[in-house]
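S.K.: Sequence:
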Amino acid sequence: MTIAANRNYAIRKEGDKLIFTTPAYRDEPDSVLHSGIYNREFSSALAAATVAGTIFVIIAMNTGNLIAGAMVSLPVFAAGVPLFRKFVFKESLMEVIFNRARGEAKIFTTWITKRLKETISLGSIKDISIETKKQEIQNPDAVEFVKKISLQHGTVIPGLGKGKILFLLKLHLNDGSERTIYSDAAIEDVISAHAEIKEFLKI
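Each residue of the sequence shown is one higher than the one before, counting from 214 in our numbering.
Treat the hints with care, as some may be off.
In silico lysine to aspartate or glutamate, EDC-like type, Cα no more than 16 angstroms apart, as pairs [what the hints assert, rightly or not]:
| id | residue 1 | residue 2 |
| --- | --- | --- |
| 1 | Lys346 | Asp240 |
| 2 | Lys230 | Glu317 |
| 3 | Lys377 | Glu344 |
| 4 | Lys377 | Asp240 |
| 5 | Lys319 | Glu331 |
Simulated from the structure, these hints should not be mistaken for laboratory data.
With the sequences and hints as input, model every part of the structure.
M.R.: Have a look at this one:
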């Protein structure tokens, strides 16, 4: 997915379709394992290091040649990091395809495979709105623990332990239910997505 201007979503038109894609569609509180400590890049490096280390140990034990083990395991690690990042630790995406020709909106979620989550009639969408939600810290003790560990390692994590405001882009249906299709702390991006989708739906 190409996200222009550092936005956390992509949106494009294809004939009678408007296709909206974003990794930011959940409004649950963030984990205390802040992205500054634990993120997909770190996870990919850790997984690649585990595989490379295992290969190194196997070669070293079977041949007694540490240099051969290093020559094999280092390229495995170098190649493993981007591969794990791309195929294992990639973001889960939501894709909403608004189709005027068929009069429907299909909501997909994608991680390893693409799965149809729901099909909604465009006629049942009565409004699209922006709402706010404040995320409070759910586990202050865990936050303090992470702060203490990070300080011991000389690391300061901006924003750790602070609540934040999320702006939610929601579809409101005639039956009174709603669907959150975008969740971001950047109000400008949520407003921009809201304007494009609202114009396409003409509501």
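S.K.: Take the hints in turn and mark each one as holding or not.
M.R.: How the hints compare with the structure:
| no. | hint | verdict |
| --- | --- | --- |
| 1 | Lys346 with Asp240 | 8 angstroms, holds |
| 2 | Lys230 with Glu317 | 10 angstroms, holds |
| 3 | Lys377 with Glu344 | 14 angstroms, holds |
| 4 | Lys377 with Asp240 | 11 angstroms, holds |
| 5 | Lys319 with Glu331 | 6 angstroms, holds |
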